[in-house]
Amino acid sequence: MTTPVKPGLVHPGREAVTRRGWLVAHKWLLLRRLSQGAILLLFLLGPWFGVWIIKGNLASSLLLDTVPLTDPYLLLQSIAAGHAPYKTALIGAGIVLAFYLLVGGRLFCAWVCPMNLVTDAAALLRRRLGLKGGRVPPAETRYWLLALTFVAALVTGSLAWEWVNPVSMLQRGLIFGFGLTWGIVLAIFLYDLLVAPRGWCGHLCPMGAFYALLGRLTPIRVAAERRESCNDCMDCFTVCPEPQVIRPALKGSGSRAIAHGDCTRCGRCVDVCGQNVFNFSLSINRRSVS
Amino acid sequence: MSNADTRGQTAPSSEARRRFLNGIAGAAGGACLLALGAGLYARQAAALPAEALRPPGALAEADFLAACIRCGLCVRDCPYNTLKLASPGDAVVGGTPYFTARTVPCEMCEDIPCVKACPTNALDHQLTDINKSKMGLAALVDHETCLNFLGLRCDVCYRVCPVIDKAITLEKQHNPRSDRHAMLLPTVHSEHCTGCGKCEKSCVLPIPAIKVLPTRLAQGKLPDHYRKGWEEKEKHGGSLIGEQVRMPVRGLEDAPPAASGSPASGSAGINSGWKP
Ligand code: SF4
Ligand code: SF4
Ligand code: SF4
Ligand code: SF4
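Chains as they are written, first to last, in the working numbering: chain A, 1 to 290; chain B, 1001 to 1276.
There may be inaccurate statements among the hints.
Restraint-style ranges between C-beta atoms, simulated for each label pair [as the list claims (entries may be wrong)]: (1) A:99 with B:1220: 30 to 38 Å; (2) A:66 with B:1152: 50 to 58 Å; (3) A:14 with B:1079: 50 to 58 Å; (4) B:1104 with A:41: 26 to 34 Å; (5) A:180 with B:1231: 34 to 42 Å; (6) B:1235 with A:64: 54 to 62 Å; (7) A:63 with B:1171: 49 to 57 Å.
Just so you know, the hints here were simulated from the structure itself, not pulled from any lab data.
Glycine included, every Cβ here is placed at the ideal spot set by N, Cα and C.
Sequences and hints are given; from them, build the entire structure.
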């Protein structure tokens, strides 16, 4: 704890800001916040102003009174709990599944899920306060948890995980009324801030794990297209919520595209790189899938 | 991060395996704990409080909790704001729809929009006639305060019932207190009551004497082997045990006719024929 903290760890992306301007160096971050906000707002337009563009919540919704959308993870839990799926939910889940298979499963995490705001805020505060260390559970924990949520549904015959799933609670709370939801949200914020850096989204959340499984074959990827100009400032590693996904593309000799399912397509590395190494790319190359 | 960074190094394979197994053990332990917590919480939360009624067409509670994905579409499509989505801290399982009869009852929409909106069939789409729904069962729980039981003509619960004269009837009884009047006792018939809650909502008392409860709480059950003599007799087309010899009751052979007016005798009490 006594070693001086490298300035890049506290304020990553300084160089990108001076070179390309604040706005460009925060482009994807701003777009993401816009997307997260807009989705919530669309759900609230109905109850607040009577404008029903989309109805329901992220578990299941009805777009423009015609298109059903259903979270496939929830539907799978329900099936595991022994309920035969109904056609509307099946169609809705099919649409959502196809969408995330196409654009990258954990795009959900970076662009839709409201919990991302909470854990990003915790990560930001952690950097600014210079908090280091902490105890993170192994990264595979989330896959174990994912499997266990299905087992729990099977054993209890009900959506057991949804009783405590903070992600569902938060999005539902924002759309339908908060109740005691703030307690569990605060708990996750403090866990990420004080106990485990990127602990929730990066190691525990089974919902994120589910979407990570969907994201393996996606053609839309972030790529270290100009990796030769990397000057090892480590800013991308500092901001990335899943730093382990960068190394193969940036330091390896194979594909330049980040093919790991854990990548959330948040684009922070694109923003933050002073050397302009990264960009979003469309690549069908599957060899580097790891 | 620290994990991922060191894993690539050339550690002896036994060391790697040990770390791997440790990792798995830790993960599985943590996960089991979480699942256990969720399971326990689930069991405790599964008991629905008596005032909370499920929307029309809701599957039996255990099936409902497997089917409902907590989307709130039924809540959004209820035109009377009857339905609420439970939030954490409510006694009802978080995210599932319910209503409280005394707050806002179900108006029994003919097109049942809540059921139509449900994407999962947690509200059964086979329910197309709202009169067949069974959200709960009304019960006149308090005979001491119900105004009709006191001999007045309140009748409000009877009049507001959407299934009037079938789900609630007024049963005429002699009023033994005044001896001159009738009591019209609101009586619920489980076959027709939908549990909409309108009677409970409109009961004029500060605390309603008629309440809609989940059917499991409101309804009794006769033992399976019980037969009602009068029904059997009708089915059979006559007495099953033949003519009975009438025996005199010793000591009462020439008892005077009971003095009327006193509830303990004659027209009231156990032989009065009072049947709610
Ligand atoms: S990991 Fe979970 S909580 Fe985090 S953004 Fe993804 S779904 Fe949301
Ligand atoms: S039948 Fe009508 S009033 Fe009753 S819960 Fe459904 S939508 Fe609401
Ligand atoms: S619409 Fe169906 S799945 Fe959605 S909250 Fe209502 S009962 Fe549950
Ligand atoms: S709950 Fe009351 S008002 Fe509704 S059908 Fe039953 S008796 Fe009638």
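| Does the hinted range 34 to 42 Å hold for residue 180 (chain A) and residue 1231 (chain B) at CB? | Between residue 180 (chain A) and residue 1231 (chain B), where Cβ atoms are some 53 Å apart, the hint is violated.
| Range hint compliance [Cβ, residue 66 (chain A) to residue 1152 (chain B), 50 to 58 Å] | holds (53 Å)
| So does residue 1104 (chain B) sit 26 to 34 Å from residue 41 (chain A), Cβ to Cβ? | Given about 27 Å between the Cβ atoms, the range holds.
| said: Tell me if the beta carbons of residue 14 (chain A) and residue 1079 (chain B) are separated by a distance inside 50 to 58 Å. | reply: holds (56 Å)
| query | When you take the CB atoms of residue 1235 (chain B) and residue 64 (chain A), is the distance between them in 54 to 62 Å? | reply | holds (58 Å)
| field | residue 1220 (chain B) and residue 99 (chain A) - C-beta distance against the hinted 30 to 38 Å | value | About 52 Å separates the Cβ atoms of residue 99 (chain A) and residue 1220 (chain B), which means 30 to 38 Å is violated.
| Does the Cβ-Cβ separation between residue 63 (chain A) and residue 1171 (chain B) fall within 49 to 57 Å? | holds (52 Å)
This entry does not satisfy hints 1 and 5, going by the numbered hints stated previously.
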